[in-house]
Amino acid sequence: MVTEMDQNVNIDDVDTKMEKKSLIHCTDVNVFYDDKQALFNVDLNINEKEVTSLIGPSGCGKSTFIRCLNRMNDVIETCSFNGSIIINGQDIYDPEIDVVELRAKIGMVFQKPNPFPKSVFDNVAYGPKLHGRFLNKSDMNNKVEDSLIKAGLWDEIKDRLNEPGTALSGGQQQRLCIARAIAVDPEIILMDEPCSALDPIATARIEELIDELKVNYTIVIVTHSMQQAARVSQRTAFFHLGNLIEVGDTEKIFRSPDNEQTEAYVTGRYG
Amino acid sequence: MSEHIVSSFDGELNEISDGIITMGALVLEALKRVETTFKNNDHNLAQEIIDSDAQINDLGQSVENKVFNILASRQPMANDLRLVFSAVKMALYLERCGDMCKGISKRIVKGALNEAESEDTINHLINMSIKVHSNLALVLDDYGNKNCQNALKVWRSDSEIDSLYSGVLTEILNAIKSNPDAINTLVPLLFIARYLERVGDQATNIAEETHFIVTGEDLTDEEKIQIENETTF
Ligand SMILES: Nc1ncnc2c1ncn2[C@@H]1O[C@H](COP(=O)(O)OP(=O)(O)OP(=O)(O)O)[C@@H](O)[C@H]1O
Ligand SMILES: [Mg+2]
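Taken in order, these protein sequences are the chains called X and U.
For what it's worth, the numbering used here labels the leading residue of the first sequence as 1, then goes sequentially.
For what it's worth, the numbering used here labels the leading residue of the second sequence as 1, then goes sequentially.
Simulated from the structure, these hints should not be mistaken for lab results.
Careful: at least some of the hints might be erroneous.
What the hints assert, rightly or not - Straight-line Cα separation of at most 27 Å, DSS-like style, residue types lysine-lysine; simulated pairs:
| # | chain 1 | residue 1 | chain 2 | residue 2 |
| --- | --- | --- | --- | --- |
| 1 | X | 20 | X | 214 |
| 2 | X | 150 | X | 118 |
| 3 | X | 137 | X | 112 |
| 4 | U | 39 | U | 89 |
| 5 | X | 118 | X | 158 |
| 6 | U | 89 | X | 150 |
| 7 | X | 36 | X | 20 |
| 8 | X | 252 | U | 32 |
| 9 | U | 106 | X | 252 |
My request is simple: use the sequences and hints to build the entire structure.
Structure (C-alpha cells):
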C-alpha cells in the first residue's frame, strides 16, 4: 500500500499559501465631511474570498472607509469622495453605475441589527423582490430557506418565519440581517462592528458564520476587538486619524507589526 | 515603548520578565559556584548548589502561573505576546540549566573530583564553565536590556564550547583506554563535561528567544547554517 507518507513530497514544493487575487482596488481615496477630511490618500487592495479586518481607534475612519465600498456615503449630504475604487475592473464611482445594483452586489451588515419591521420571511425576501428576482413563489421560498441556512439561522427559526424579525434575539437578528444580505447573491459582504451588541455566544456564532461565508464571499469587517480580528481575518488594515498606517497578513500584524503605531494600538498602548 | 493604558498590565508583564531575570541571576550564580568547586572541590558548596536548585524551579513555576493568568485575562498581542510566550520557554531553559548545575554538583559530592587523574582535565572543565557562564551572561544581559545584540555572537561561539567539550571528551576517553581500572572515577567527569555542554546549548536557545522577542522573527535556518559554516573548519 502506498501511503501519502511514502510518496516523495517535498514540503517546500507544496504551495501552502496560495496567492490570493485582489478583488477591490482602492487608490488615493480621500473623503470629506463638508471641509473636514476624514480619509487621506488611502491605497488598499482587498483580496477575494477572504476576510479583511479594519481596525483602529474610534474616529479613525473605519466606517467612513467601509461605506465607500458600496457608496453608502452618498446618502450623507455633506460627504464628498475623490479617488478611485475599482471592483472587478469596474470603477464604482463611475456616474454610469447603477447604485442600487451595486449595493446588491455588496451587502452590508451594521453594528446594531436592523431588521425591517416585517416578518422574518419578508426580511429575507425583501432584497430579491426589490431587485425583481424570483417572482415565482416556490423559488422565493427556496431562496429564503437557502439564505437562512447559509446564515446559520434556519434550524432555529424555521417555525417562526411569520413572526416579526424584531422579535428575535439580538444575535438572531444579526444573522437575519446577514441572511438578508446574502439573499441578493452579493459578491462582497461589509460588516461594521457586527458583534458589538452581541454576547460571547452570539458573537461566536457570527464568527463561525464568517468562517463559512468566506469560502464564497469577500468579507470586510470593522472590529474593535483585536482578538476578533485575529480570529476571523486573513488580512488586517490599521487606520489612524484617517490614514491607512499598515496593512498585512493578520498573523504578522498581531505577531510583529512593522509600524510602531500599529504595535502601540494592538498592544493597548495607544493613549 | 510607551506604557499600557491599563497600568496593571505593565506591572504583570514586568513581574514575568523580572522572574526570568531573577532565574537567570540564580543560574549564573550556580555556574560561578560550580567553577569554584572545580577549583577547591568544596563539597559543602556543591551541596549548596544542589539545595538552591529548588528556588530556580519555584521561580520557573511562578513565571508559568503568571503567564497562564495573563493569557487568560489580557490576551496580549504583538511584542507583549512575544514576551509572554517566550517567558515560558526561557523559564524552561533556565530550569534545565539549574538541573545541569545540580547534576554536576551531585557528582562532585559523590567524589568525582577526588581522584581526578589529571589536573588538565579539571582545568579544561574550568575553561568550559567560564565560557558557558560568559555566553549565558551575554544572552541574559540582552534579555534584561530588551535587545538581542549578543544573540548571533553567542550562537556563533557555541562551537567553541563544543570543541572544548570534545577536547575534554577525548582526554577522558584516552585516560580510560590507558588505565581501564580508572573507569569508575573517570566516567563522572564525562557526565560533568556533558552537563556543561548542555548548559551552553541552553544559552543558544535563549539567544534564539531574545532574537524572537526583539525582532518577531526566528533565527532562520539560513542564518544558522551560515554561522555553522563560518565556524566549522
Ligand atoms: N456623518 C458625518 N458627518 C460628519 N462627520 C462625520 C460623519 N461620520 C463620521 N464623521 C467624522 O469622520 C471621522 C471618521 O469617522 P468614522 O465614523 O469613519 O470613524 P470610525 O473609525 O468608524 O470610528 P468608530 O470606531 O467610533 O466607529 C470622525 O472624525 C467623525 O467625526
Ligand atoms: Mg465606526
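Flag every earlier hint the structure violates by its number, smallest first. The structure conflicts with hints 3, 4, 6, 7, 8 and 9, although it agrees with all the remaining ones.
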